[in-house]
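**Student:** Chains E and S supply the protein sequences, listed in that same order.
First residue of the first sequence: 1, per this note's numbering; consecutive thereafter.
First residue of the second sequence: 208, per this note's numbering; consecutive thereafter.
These are computed hints drawn from the structure, not numbers from a lab.
Take the hints with a grain of salt, since some may be wrong.
25 Å max Cα-Cα, derived DSS-like pairs, lysine-lysine [what the hints assert, rightly or not]:
(1) S:240 <-> S:250
(2) S:273 <-> S:376
(3) E:165 <-> S:273
(4) E:33 <-> E:43
(5) S:372 <-> E:125
(6) E:66 <-> E:165
There are 2 protein chains.
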Amino acid sequence: LREVLDAAALVFYERGYESASIQDIAESLGMLKGSLYYYIESKEDLLFHILEDAHDQARENIARAKAVEGDALQRIRAFVTAHLVFNASNIIRMGIAFHDLRSLSEDRRRLIIEARDEYDEFLRKLIRDGQKEGIICPDIDPRLAGFATFGMTNWIYQWYQPGGKTAAKSIANEFADIIVAGLACDRATHVPGHRRRFAALPGEAER
Amino acid sequence: LREVLDAAALVFYERGYESASIQDIAESLGMLKGSLYYYIESKEDLLFHILEDAHDQARENIARAKAVEGDALQRIRAFVTAHLVFNASNIIRMGIAFHDLRSLSEDRRRLIIEARDEYDEFLRKLIRDGQKEGIICPDIDPRLAGFATFGMTNWIYQWYQPGGKTAAKSIANEFADIIVAGLACDRATHVPGHRRRFAALPGEAER
Chain E
1 LREVLDAAAL
11 VFYERGYESA
21 SIQDIAESLG
31 MLKGSLYYYI
41 ESKEDLLFHI
51 LEDAHDQARE
61 NIARAKAVEG
71 DALQRIRAFV
81 TAHLVFNASN
91 IIRMGIAFHD
101 LRSLSEDRRR
111 LIIEARDEYD
121 EFLRKLIRDG
131 QKEGIICPDI
141 DPRLAGFATF
151 GMTNWIYQWY
161 QPGGKTAAKS
171 IANEFADIIV
181 AGLACDRATH
191 VPGHRRRFAA
201 LPGEAER
Chain S
208 LREVLDAAAL
218 VFYERGYESA
228 SIQDIAESLG
238 MLKGSLYYYI
248 ESKEDLLFHI
258 LEDAHDQARE
268 NIARAKAVEG
278 DALQRIRAFV
288 TAHLVFNASN
298 IIRMGIAFHD
308 LRSLSEDRRR
318 LIIEARDEYD
328 EFLRKLIRDG
338 QKEGIICPDI
348 DPRLAGFATF
358 GMTNWIYQWY
368 QPGGKTAAKS
378 IANEFADIIV
388 AGLACDRATH
398 VPGHRRRFAA
408 LPGEAER
């Protein structure tokens, strides 16, 4: 099944899920269409299993961050790094997850969204933990900071070239540096609104 | 033409560019298919003009940042804020730009990519300016920091709900706070590698 899912993912990625046919996938596997139906009942089955599988594997990034002995910023660094390296190793499946989720039936879409929400919530919880520890700025909205972090790291599916000049690990470290520095704050010197100090235009300091 | 482009953008966004037909767009306008051909010659013409138009308008964000009297971080704040508010007001067109660029003919795709590169380069230049001014960490790779910033801000097309509980301006300020804090550094106290201080796992401090 693994081989079938990988082949289907590549076909969906290259032609778009809506345009791709079961016939295309069978051909890319050198298989008869009938043999493919031994594994699945519909094109949507393939899409669902690809996404389910990706989310199952992504849970290891949570386990890795949990295993870090350190403060919340250290766990955030570990999570961001693991998440980025995971994305870089799964560009095709990530592309499908971001473009074609809407093509799933409602029930299945709900299952994938639940898995994704659980994953996203793990990061938001780390941000709240860091605020309690007094090392992440209390002015930060954990929900928005979570979206910011996932945006930065998920977006690589648009530009990252596997095997290109910049290794995934270097990108992961650079992004983790930006996120850690972007969230960090010292309880001892915190003054509400201090991060808005560079606001330049009239009205820009408003929330 | 504006009305036609807006209607086409909505149809592409909802059905996917590949699945949508000229007939669908004509129907959404209450027009005959033949009348639509008065404006354009092909479905791809519509896609191209939608993307061209979006990039033309996005240039105002550059003008806005250039008009800021201040240092590079202030101009970065202004640019990030303007870019995010622009994206939030153009969720449909941004979604099409991110999903369907590849459906353009090669010549036209090149034109759009050139416009996009020019836009991206403006931010990279601001980051390099800030490094020269001694207010952005010299350890930062301007190319990767640019991708990080655009990832964070472009990603909102995946989750932002126009008219939802969080105003675009609030998101823009929150993200600008994270980016400014994430890039900032003081030349007087800079020590190479200091941002990697939270690295937790063996090997994680490597570049």
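**Student:** Take the hints in turn and mark each one as holding or not.
**Tutor:** Hints versus structure:
Restraint check for residue 240 of chain S and residue 250 of chain S: the C-alpha separation of about 11 Å stays at or below 25 Å, so the hint holds. For the suggested pair residue 273 of chain S and residue 376 of chain S, the alpha carbons sit about 20 Å apart, so the restraint of at most 25 Å is met. A hinted pair counts as satisfied when its Cα atoms are at most 25 Å apart, and residue 165 of chain E with residue 273 of chain S does not qualify at roughly 31 Å. About 11 Å separates the Cα atoms of residue 33 of chain E and residue 43 of chain E, which keeps this hinted pair within 25 Å; it holds.
For the proposed pair residue 372 of chain S and residue 125 of chain E, the alpha carbon gap of about 21 Å is at most 25 Å, so the pair holds. Distance hint between residue 66 of chain E and residue 165 of chain E is unfulfilled; the C-alpha atoms sit about 31 Å from each other, more than 25 Å.
Figure legend: structure checked against the earlier numbered hints; hints not met, in rising order: 3, 6.
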